[in-house]
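Peer 1: Full structure from sequences and hints, please.
2 protein chains.
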Amino acid sequence: LSDFERVVGKSWVFTSEDDLALYRDAYSPLWGETDERLAAAAVAPGSVEEVQEIVRIAARRVVPLYPISTGRNLGYGGSAPVLSGSVILDLKRMNRIIEVDEDNAFALVEPGVSYFDLYRYIREKNLRLWIDVPDPGWGSPIGNALEHGGGWTLNPFRDHFGAHCGMEVVLANGDLLRTGMGAIAGSRTWQQNRYGVGPYVDGLFTQSNFGIVTKMGFWLYPQPQAFRSGEILALHRDDVHEFVRITAELANAGIVNSAVMIRSPFLHAGLRDEQTAAVLVETEHGTAGTWDRLARDRGLASWATTVQFYGPPAVIAAQWGHVQERFAAIKQIEFRDGPAYRFPLSQAEAETVPDKSALGIPSLSIFAMGARSENYPSPADGHLSFSPVIPMTGKALLEAHRVFSAAVREWDIEPLGFGAGFCMYPRSFVFLFTLPLSRDGGTNRKARAFFRHLITLAAQHGWGEYRAHPVFMEEVMGVYSFNDHALRRFHQMLKDALDPEGILAAGRYGIWPKHLRNKRV
Amino acid sequence: LSDFERVVGKSWVFTSEDDLALYRDAYSPLWGETDERLAAAAVAPGSVEEVQEIVRIAARRVVPLYPISTGRNLGYGGSAPVLSGSVILDLKRMNRIIEVDEDNAFALVEPGVSYFDLYRYIREKNLRLWIDVPDPGWGSPIGNALEHGGGWTLNPFRDHFGAHCGMEVVLANGDLLRTGMGAIAGSRTWQQNRYGVGPYVDGLFTQSNFGIVTKMGFWLYPQPQAFRSGEILALHRDDVHEFVRITAELANAGIVNSAVMIRSPFLHAGLRDEQTAAVLVETEHGTAGTWDRLARDRGLASWATTVQFYGPPAVIAAQWGHVQERFAAIKQIEFRDGPAYRFPLSQAEAETVPDKSALGIPSLSIFAMGARSENYPSPADGHLSFSPVIPMTGKALLEAHRVFSAAVREWDIEPLGFGAGFCMYPRSFVFLFTLPLSRDGGTNRKARAFFRHLITLAAQHGWGEYRAHPVFMEEVMGVYSFNDHALRRFHQMLKDALDPEGILAAGRYGIWPKHLRNKRV
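Chains as they are written, first to last, in my numbering: chain A, 1 to 521; chain B, 1 to 521.
Worth flagging that the hints you see were computed from the coordinates, not collected in a lab.
None of these values were measured; they are calculated from a predicted model.
Treat the hints loosely; a few may be bogus.
What the hints assert, rightly or not - If you only want the chain A side, here are some residues facing chain B, beta carbon under 8 Å, derived:
| no. | residue |
| --- | --- |
| 1 | His148 |
| 2 | Tyr200 |
| 3 | Leu204 |
| 4 | Gly321 |
| 5 | Ala459 |
| 6 | Glu465 |
From the three backbone atoms N, C-alpha and C, an ideal C-beta is built for every residue, glycine too.
Peer 2: Here it is, written out as structure tokens:
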């Protein structure tokens, strides 16, 4: 620690209980238990050179570091390490917006920059650019991209790793790397051409522990002229196949380019209801009458989705027209026009508009999800996201509802969120599934056991998760087991070569340094 | 070799002079010279298991292998190795189209499958899907994607690596890896979700030598209803800034989603002409009158581009309308409607339509480029592509024209193709530049010297190449030198870990195995 202090100054090394409490995972499924993942200390460098210096010291003394950007990865571990006793390498102070280019629509930022920071910068300078934001705006574009996180405007910007261009990385040996065109001295296209020449290595630094990203470029969306949205509702159970097929084709062709989520209002309302459960099982045998009758009686659509369009008014009107034309192939389909906007919004409009994340405006309104409401009279202390990826077909959507809603009833669990096929990424659904946590140990113990059950249950159907909480990373990676865990062996080869002392984020996504490996697997 | 014969059978190991002549690089800049890169033998496995067996033998006996797919990478090395004496690992026999899914619009193929093969398969089965094709249709989607090659329809399909999803890879130790969701046993979304969980490693296997890709998934484009195109012409030199700015914004917003190429008919016609050269240099000093007068006298536009739209007729009409509205900000801008089509085309139409590559129809018509014509009375024996990446701005486009056309005159070179800002990839231009080769040594010697000059000249302006011929790989990588070649050191760390014997494609993109490294750098 005194070595670290010599690098960053006494005030940026944290060891007191009060300071370290801030690095606890507020949503830890192990909150207050003996094996809660806790940091031993934290160090906050102010520059790339300081990061390099810290890494060299850690390698010399074999100190496990756990790098975080803004540390807001709630639901997936927050700012707590995978390995208790790690020293948090807190990059929050490195919060420079190095460049925003309006004509070529990109930004180059450091890890401590938040979505709020970048949004305000663009707004203050009156640049005609949009950022894409995830639900909570206090996170870091770099941190979220490295976690394969995404946002709510349109493709390709919604995939934050996919929309990045160029990285700067401190390696475990203290070396400093620039990827893509950034490796050219005096490069003119670091943020404009992602591949450079030779192997494309950027993906290595996502969901892993092979280096510390200290700069990253992002492609931004040139401010569109207009936005409009529409809702599409189908009445019958068996509409699901055509509903998803049409959605997939329109999305794959780029005509629908937004964050599509296909939900069943009928199923969602009856998640824990025996009658609904019965018709869900019945789908395997083919009669749809009961489902359709129940849905009609309850006044609920069987399937629904919202589509959003961004661009010139004439283009997006034509797109919405075409979408309706295509969905009209489904009998009794219903269309509803949703909100529409013209841009730029005034400051006052931007602050009050309800569809903030769809318009690239960062906020913290998602946290109202945990607040007291009619549905949730006792707000949870946190949540745990189970995020299996399933095929983008009606069959898979029904199957996932059947499999997971049976599990929910069997275990008597009340999910915070459940049951939508969400195009988190193009071409497949993430089946949304969020469990409540509570700081009383009982709820958490049950949530953990249920979560482990879900990992196995999903894998039995060929479904894997796209992201995981540190407490479950090893088990989530464990089902990626093709050819006797060839992928894990490959990760380990990379780890041993790139970080032989194992000082970076030990255990992240199941990748342990050699000296900790055999104790665990 | 007898070990290899035991694996694949005698008939699939090639050693005769006649057989090996087929693996020579037809466009080698070293054709017939003593250091032409030549194979010692070739072996053609028929299955993944045979590839694994061959790799294990090669590792045991330290035999350098050079994997190729269809071996058609003309202009960038064809099927000849980087290191003379390597054994070609010819994957042409592995040509199964394993799956094509119409609703989820993807294909899973082996390396020996060509664009022609995939196109015919889709056509025969009447699937409503398009592939994206590069100029020559005999290449391999896998081979081209691994080289960061692209095609001519629309984004995101044009970037063949970017549009891939999931790989199977044989590692240098013979292990078999599946990436992304393919690592789940019984995976249901291998071709639909590209990231899986944990580090995203696919990029490692592009433009490199860390493994042999034996299967790869690709996202396909659902057949659009219609196509239309338009040409945009600007008369004045100084229109270039607004011309590129508007193009970039429309492309970055996805309104123009095609393979945009901004060319100067005026400059191109006068490439080796002193009068044109003079006004090009003059641009630095700001008077545009002479340029504009010359262009008017010669009846040539100063700047031109073609935009192409794919989708529902009403949507693409609105897009073309919007594009014209935006470009109308430039005085005396001209618009011309180009060809338009409705799909599907009949077999006869598909065979005779002139815009084949824009419509995803593979062909070999590009080879007419080298044929006798008014412009090229003596066809070259081949060509060499210099492909520097420059910013997508008018300023950079002018600068690249000035710098490279001066070099062309100074060296008295007549390029086969020269001078367009081509959106090979989004957000930046590749400055097109193709040199003629000839099997008489003199032309080639001069082309090589000029090419080396170009690499350095480009790097002095912060421009690097996106791809390189084996003869120049090391020098092209050499200018990616940030922090005393940190990127090369990183590649070497990976090489030593993943292929310690150095048996895979030694020297590819400047990555040499340890035992050959010091002799060279």
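Peer 1: Does the CB of Leu204(A) sit less than 8 Å away from some CB of chain B?
Peer 2: 5 Å, holds
Peer 1: Does the closest beta carbon of chain B sit nearer than 8 Å to the beta carbon of Ala459(A)?
Peer 2: 6 Å, holds
Peer 1: So, as I understand it, the hint says Glu465(A) touches chain B; can you test that by seeing if any CB pair is closer than 8 Å?
Peer 2: 6 Å, holds
Peer 1: Would you settle whether the hint for His148(A) is holds or violated, based on the nearest Cβ-Cβ distance to chain B being less than 8 Å?
Peer 2: 5 Å, holds
Peer 1: Less than 8 Å between beta-carbons is the criterion; does Gly321(A) satisfy it with respect to chain B?
Peer 2: 6 Å, holds
Peer 1: Holds or violated: is the Cβ of Tyr200(A) closer than 8 Å to a Cβ in chain B?
Peer 2: This interface hint holds because 3 Å falls under the 8 Å limit.
Every hint, counting from the list given before, is met by this structure.
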